[in-house]
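S.K.: Each chain, letter by letter, is given below.
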Amino acid sequence: MTLRRSLLVLLGLLVTGAAVAYAQAPEAPSVDFPYAGNRTAVWFVANLHILFAAFILGAPIFAVVSEWLGYKNNDPKYDRLAKEVTKVTVILYSMTALTGGLFIFVLLGTYPDFTTWFIQHFFMVFAVIYPLLFIAETIILYTYFYTWDSLKGEKKARHIALGVLLNIVGTVTLFVIDGPTSFMNTPAESAEGMSIFETVASMNLWDKIANYSWMPLNLHRLVGNVTFGGFIAGLIAAYMYMGAKSDEERSYYDWMGFVGNLIGVGALLLLPFMGYLLAYELCDYDASICPYMMADQLSMFFEMQGAMVGLIFLASNYYIWLSMKRIQGVENVRISGLVMIAVILMPAIMGLAWKMFPPPEWQSLIFLALLVFLPPVLSKLPGLRFTVSAFTMIKVGFLMIVVADAIWMTPHGFVATQAMATEENELPSWASELALMPAKNAAAFTLVFLTVVNYILYNRAIKCGTIVWGKIDFASQFVLIFLAFSAIWTMGLMGTVRSLTRKYYHVYNLLPDFTPESFTPTLAYSAWWITGTTLVFYAVVSFAIIVTLRSTDKKASVPQGEALPAAAK
Amino acid sequence: MAEQSLTKNILRKGLIGIVVGVVLVIAARLTHFPEIFQIMFFVYAMLGAFVFILLDAPSMTRLEGGKAVVGLLLFYVIISGVYIAGAGILPQYDPGIEKGKIEKLLKARRARTQQGKAEELIARAKALDEKADAITKQLASLGAGAQAVVVSSERDAAPAAASGDLVAVGKEQWELQECYNCHKLYGQGGKKRGPEMDNIGNLMTAAQLREKIIDPKSWMAEGFDKQYKKGKMPDKYKDLMFDEEIDALVAFLVSLKDASVNTPKPIKMK
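Those sequence lines, one after another, are chains A and B.
Quick note: the first sequence uses this note's numbering, first residue 3, plus one each step.
Quick note: the second sequence uses this note's numbering, first residue 129, plus one each step.
Read the hints as simulated data drawn from the structure, not as lab findings.
Ideal Cβ positions, reconstructed from N, Cα and C, are used throughout, including at glycine.
Heads up, some of the hints might be wrong.
[Claimed, not checked] Derived pair list, reagent style DSS-like, types lysine-lysine, alpha-carbon separation capped at 27 Å: (1) Lys-357(A) <-> Lys-319(B); (2) Lys-210(A) <-> Lys-345(B); (3) Lys-210(A) <-> Lys-154(A); (4) Lys-319(B) <-> Lys-210(A); (5) Lys-385(B) <-> Lys-357(A); (6) Lys-210(A) <-> Lys-320(B); (7) Lys-357(B) <-> Lys-229(B); (8) Lys-357(A) <-> Lys-366(B); (9) Lys-229(B) <-> Lys-357(A); (10) Lys-210(A) <-> Lys-364(B); (11) Lys-366(B) <-> Lys-210(A).
[Unchecked claim] Label pairs and their calculated CB-CB ranges: (12) Met-217(A) <-> Ile-217(B): 33 to 39 Å; (13) Ser-187(B) <-> Asp-34(A): 18 to 24 Å; (14) Ser-187(B) <-> Pro-361(A): 53 to 59 Å; (15) Met-217(A) <-> Val-151(B): 44 to 50 Å; (16) Lys-382(A) <-> Lys-398(B): 57 to 63 Å; (17) Ala-296(B) <-> Gly-103(A): 49 to 55 Å; (18) Asp-34(A) <-> Gly-224(B): 48 to 54 Å; (19) Arg-237(B) <-> Met-217(A): 53 to 59 Å; (20) Ala-526(A) <-> Met-188(B): 28 to 34 Å.
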């Protein structure tokens, strides 16, 4: 009995001691975002910030190229296009800074330990290099915009040089900030005889920036930003075309939409390969990332990506179709039937080639070169000179786009993770090749090749036909809006995927995320937030376009309404 | 180009789409594609029909003023809805499965961090508080001869490790570290990146297996030269796993002795 009482007293003392320790434990007020939760709040703000950042980095590339074309060809349309895009960029620049600040505040409030750790690892970047670059970019951007009218005529080259400088600084800024971003995915490979923690501790700033996925991410974002800039220029054109009051305005914005789409699609053609390079490097860094992306939790995210890429290619080619339909004399444009045969055979031949010679082996490129260059050469031989009309070729092309989409989107199994694959939901073994990378690569090349062929046909059509700007099918404006919306949505989706490849880590394999939200959200949940971000971004951009351009469009209109042979322009 | 009337266009292309779709479904059924793929092929046929309807559709009437704004807003609602619905239709991974895994993986790691230690202390103090309350109430309600029964909830919640079943813990590690992504076992999992493991216990000792996990370059499976050269097996487990977790995984691997499976021969490289 005495022993029991003694034990109880001892327990009581322990409780008192522990309670004192408990009372003394520092209790920082925790932040909990209502409804969304902390992780989703950071996700939303970061995504929004990246969209604005992508625009202010992509649009100046678009603008300076356009300005240079105007200077070279002595065509004021290009100069006006460049200036209008820059005007919207100037407005959205402040939104980039605002969302950037918001991002840091939200991150610091919700993940203080990680944020402090991260900033300390990249202190010079966050405290010195990045702010200096941002300030330099701000000064150059505003100088570029406000010297537009004073640096013209003989001084135009200086203005273009200023635009080039703006893009150089912008690109360096992108590359610098990609360092910490990519570090979170691929911090380091442990050096011989050292743990990953010791390796990271021994690394200098440059080693941390120049990590495994840094350059692939740089290239992917750079090309993505140009695509983005092009499609947003298309969006601007569509809005302005819809609100245009005169034929002159409509003809100008019809032309602007075409140029925006051309640049957007031109860069888009490279994007699948840049994405593939990034994924390849991530898998090379850690082989377990690959099944997580392609066969496990993220597999259906890639299914959605396939659908989005397919829709973007369909829409961009549909825009070319609508552009061609209004060219008088397009009926006379023809192309070798061998090109059509090459397009039809491409998925099968390239699928086999990549199966025999998977990347990084180069031999498969011989097959690709033969498919691309042999038809025009062979078509010069007697007996092989049969041709098809441009419209037949494009229709066959659309059929093959659907086929390529189908191949791209065919998964090994219709399941959220391959662990759940059964005979009822996976491909029969004889068709399993359809789900593998050679087939996906073949589909990507088919989409790209078809789009190039369609632009070649368009080019032939405008050389021998007559084009009337401003008379395009009104549906084309919705196609431009659709392209911009889908491109932004896909950016949000793939940004989500890139972040999720870190799994339950803030910094992969290095710094675990101990919060209850470190799991992979469902695709359906992600889609709601990606759509929300896209709509908010769209609302702000739409507002900026209306505020900056609608009030000045009457003053800056250039007469373009008359029908002229396209080649003369 | 002559433009057909929209209705005629929709009917004609729609019918062709249905016919092509049905043909594809029949072909897919005959070649043993599961039902879900048959549906997918039909959807592609209808997508093709939709594309061709659009190609030959008559020009759209210009929208102006309020009509243009309403048209735009409606368009945004439709594409937003389509994208959300499209993502929602696809199979969804249940986060609950992953949450369980993450909790198991991070619990031990969290306990070893400063933050984890503070939180553990707080949690223990709270538990002791509750116990003290319970004891006080018990003492108050009972006589002098009564016994206060203190039940250890910690003992009830003891993990598999405490039971001493090292192989079971090792099997759990196999799942948690997702070794199945690259190694086939019991007929399940990947087999292209790494060898099947069912008979590894007859081919390698515990020490050798431990060496391979800590330093993947120390051993190579016969026939996996390419994967070995590319360093497919991540060199991270020495950092990510605690010693006791590696021991458990090794104990599990050593227990795999199914000689009917052709596990490739290990070759000492270092």
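S.K.: Hint says 18 to 24 Å; check whether the CB-CB distance for Ser-187(B) and Asp-34(A) agrees.
M.R.: Hint violated: Cβ distance 54 Å, outside 18 to 24 Å.
S.K.: Is the hinted range of 33 to 39 Å satisfied by the C-beta distance from Met-217(A) to Ile-217(B)?
M.R.: With a Cβ separation near 37 Å, Met-217(A) and Ile-217(B) satisfy 33 to 39 Å, so the hint holds.
S.K.: With 28 to 34 Å as the target window, see if Ala-526(A) and Met-188(B) comply at their CB atoms.
M.R.: holds, 32 Å
S.K.: Mind checking the alpha carbons of Lys-210(A) and Lys-320(B) for me, to see if they're no more than 27 Å apart?
M.R.: violated, 32 Å
S.K.: Taking 27 Å as the top limit, are the C-alpha atoms of Lys-366(B) and Lys-210(A) close enough?
M.R.: holds, 21 Å
S.K.: Verify the proposed pairing of Lys-319(B) with Lys-210(A), using a straight-line Cα cut of 27 Å.
M.R.: violated, 34 Å
S.K.: Would you check the hint for Lys-357(A) and Lys-319(B), treating anything up to 27 Å between C-alpha atoms as holding?
M.R.: Holds: Lys-357(A) and Lys-319(B) sit about 18 Å apart, inside 27 Å.
S.K.: Return holds or violated for the Cβ distance of Ser-187(B) and Pro-361(A) against the range 53 to 59 Å.
M.R.: Since the Cβ atoms of Ser-187(B) and Pro-361(A) sit about 44 Å apart, the hinted range of 53 to 59 Å is violated.
S.K.: Within 57 to 63 Å or not, the Cβ separation of Lys-382(A) and Lys-398(B)?
M.R.: holds, 60 Å
S.K.: Between Asp-34(A) and Gly-224(B), does the C-beta distance stay in 48 to 54 Å?
M.R.: Between Asp-34(A) and Gly-224(B), where Cβ atoms are some 21 Å apart, the hint is violated.
S.K.: Would you check the hint for Lys-210(A) and Lys-345(B), treating anything up to 27 Å between C-alpha atoms as holding?
M.R.: The given pair, whose Cα atoms are some 25 Å apart, holds under the 27 Å limit.
S.K.: 49 to 55 Å was suggested as the range; check whether the CB atoms of Ala-296(B) and Gly-103(A) agree with it.
M.R.: Between Ala-296(B) and Gly-103(A), where Cβ atoms are some 51 Å apart, the hint holds.
In the structure shown, a violation is registered for the earlier hints numbered 3, 4, 5, 6, 7, 8, 9, 13, 14, 18 and 19, in ascending order.
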